[in-house]
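K.L.:
Chain by chain, the residues run as shown.
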Amino acid sequence: DTAVSQTPKYLVTQMGNDKSIKCEQNLGHDTMYWYKQDSKKFLKIMFSYNNKELIINETVPNRFSPKSPDKAHLNLHINSLELGDSAVYFCASSQALWGEQYFGPGTRLTVT
Amino acid sequence: AQTVTQSQPEMSVQEAETVTLSCTYDTSENNYYLFWYKQPPSRQMILVIRQEAYKQQNATENRFSVNFQKAAKSFSLKISDSQLGDTAMYFCAFMPLGAGSYQLTFGKGTKLSVIP
Numbered sequence: 001d002t003a004v005s006q007t008p009k010y011l012v013t014q015m016g017n018d019k020s021i022k023c024e025q026n027l028g029h030d031t032m033y034w035y036k037q038d039s040k041k042f043l044k045i046m047f048s049y050n051n052k053e054l055i056i057n058e059t060v061p062n063r064f065s066p067k068s069p070d071k072a073h074l075n076l077h078i079n080s081l082e083l084g085d086s087a088v089y090f091c092a093s094s095q096a097l098w099g100e101q102y103f104g105p106g107t108r109l110t111v112t
Numbered sequence: 001a002q003t004v005t006q007s008q009p010e011m012s013v014q015e016a017e018t019v020t021l022s023c024t025y026d027t028s029e030n031n032y033y034l035f036w037y038k039q040p041p042s043r044q045m046i047l048v049i050r051q052e053a054y055k056q057q058n059a060t061e062n063r064f065s066v067n068f069q070k071a072a073k074s075f076s077l078k079i080s081d082s083q084l085g086d087t088a089m090y091f092c093a094f095m096p097l098g099a100g101s102y103q104l105t106f107g108k109g110t111k112l113s114v115i116p
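Protein sequence lines, in the order shown, are assigned to chains Y and D. In this text, residue positions in the first sequence follow the working numbering: the first is 1, and each later residue adds one. In this text, residue positions in the second sequence follow the working numbering: the first is 1, and each later residue adds one.
Bound-form chain Y, shown alone:
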């Protein structure tokens, strides 16, 4: 019954590694997002996909690459992880670009 799910919920890895976070929504929404929440709880948009097409691509390092295999999935791949990448990453979805956004449970990434 989970509307927006993310895996894994926790991820601990070493600097320099490559990791992926998966997101799936079963709401039938057309638009999906990735947000980063830093240690001060500030939430900022990273990417937005609408019907599998990249809409928003904020200034994030190109080590971050989103991939949307279909409308229900938006994965986030991160190359060469750095200490500053430690944060909580949220996936979200909405019916349309201007719709209410529903968030996944978040993935706490810790880079050591």
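What the hints contain is simulated information worked out from the structure, not anything from laboratory work. Predicted, not measured: the structure shown is a model, and the values here were computed from it. Some clues are possibly wrong.
As the list claims (entries may be wrong) - Keeping only pairs whose Cα atoms sit at most 20 Å apart, straight-line, the calculated DMTMM-like set for lysine to aspartate or glutamate is: (1) D/LYS108 x Y/ASP38; (2) D/LYS55 x Y/GLU100; (3) Y/LYS44 x Y/GLU100; (4) Y/LYS19 x Y/ASP38; (5) D/LYS111 x Y/ASP38; (6) Y/LYS41 x D/GLU61; (7) Y/LYS44 x D/ASP26; (8) Y/LYS40 x D/GLU10; (9) D/LYS78 x D/GLU17; (10) Y/LYS22 x Y/ASP85; (11) D/LYS78 x D/GLU29; (12) D/LYS70 x D/GLU29; (13) D/LYS73 x D/GLU29; (14) Y/LYS67 x Y/GLU24; (15) Y/LYS41 x D/GLU52; (16) D/LYS78 x D/GLU52; (17) D/LYS111 x D/ASP81; (18) D/LYS111 x D/GLU17; (19) Y/LYS19 x Y/GLU82; (20) Y/LYS71 x Y/GLU82; (21) Y/LYS67 x Y/ASP30; (22) D/LYS108 x D/GLU17; (23) D/LYS108 x Y/GLU58; (24) D/LYS55 x D/ASP81.
Stated by the list, open to error - Reference listing, derived: stretches of chain Y covered by chain D, where coverage requires no fewer than 3 residues with Cβ under 8 Å from a Cβ of chain D: (25) 64 to 76; (26) 93 to 100; (27) 103 to 112.
Every residue, glycine too, gets a C-beta built ideally from N, C-alpha and C.
Since the structure of chain Y is provided, determine the placement of chain D on it from the hints.
P.N.:
Frame of chain Y; chain D shown alone:
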């Protein structure tokens, strides 16, 4: 660029009392949505309430209501009959509805503690 300001980093309220969280925003847009999201210790982001800028009537959802003052660019959240489960971070958010600009911008949040 839009900015959202929550001037109260932390607040506390006694159980069953009423509390108001402040939010102001800066925009040149005329059409937009405003939201309040709640993030309890579980980390889940939960939509509390939405307000359309073209609507003069303030939105309400059970114990949650807003005071939307468009001219003043103010959007406060009132929680009535506070409950322990209301303890959470509360984020105000703004979404413009201009062509191609539907990005959600969040404030820095207000940490609310409900005291038994």
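K.L.:
Regarding the pair Y/LYS67 and Y/GLU24, is the alpha-carbon distance no greater than 20 Å?
P.N.:
Holds, at about 12 Å.
K.L.:
Mind checking the alpha carbons of Y/LYS19 and Y/GLU82 for me, to see if they're no more than 20 Å apart?
P.N.:
It holds: about 11 Å lies between the C-alpha atoms, which stays within 20 Å.
K.L.:
Going straight from one Cα to the other, do Y/LYS44 and D/ASP26 come out at no more than 20 Å?
P.N.:
Holds, at roughly 17 Å.
K.L.:
Given the hinted pair D/LYS78 and D/GLU52, is their alpha-carbon gap at most 20 Å?
P.N.:
holds (17 Å)
K.L.:
Can you confirm whether the C-alpha distance between Y/LYS71 and Y/GLU82 stays at or below 20 Å?
P.N.:
violated (30 Å)
K.L.:
Are the Cα positions of Y/LYS41 and D/GLU61 separated by 20 Å at most?
P.N.:
Measuring from Cα to Cα gives roughly 25 Å; hence the hint is violated.
K.L.:
Just to be careful, I want the Cα atoms of D/LYS111 and D/ASP81 compared with a cutoff of 20 Å; is the pair within it?
P.N.:
At roughly 17 Å apart (the allowed maximum being 20 Å), D/ASP81 and D/LYS111 satisfy the hint.
K.L.:
Verify this for me: three or more residues of the segment 64 to 76 of chain Y with a beta carbon less than 8 Å from a beta carbon of chain D.
P.N.:
Violated: only 0 residues of the segment 64 to 76 of chain Y have a Cβ under 8 Å from chain D.
K.L.:
Holds or violated: D/LYS55 and Y/GLU100, Cα atoms, limit 20 Å.
P.N.:
holds (16 Å)
K.L.:
For the pair we were handed, Y/LYS67 and Y/ASP30, check the Cα-Cα distance against 20 Å.
P.N.:
Given pair Y/LYS67, Y/ASP30 holds - Cα atoms ~15 Å apart, limit 20 Å.
K.L.:
Between the alpha carbons of D/LYS70 and D/GLU29, is the straight-line distance 20 Å or under?
P.N.:
holds (11 Å)
K.L.:
Starting from Y/LYS40, check that the Cα of D/GLU10 is at most 20 Å away, please.
P.N.:
holds (13 Å)
Violated hints, listed in ascending order, are 6, 11, 15, 20, 22, 24, 25; each of the other numbered hints is respected by the structure.
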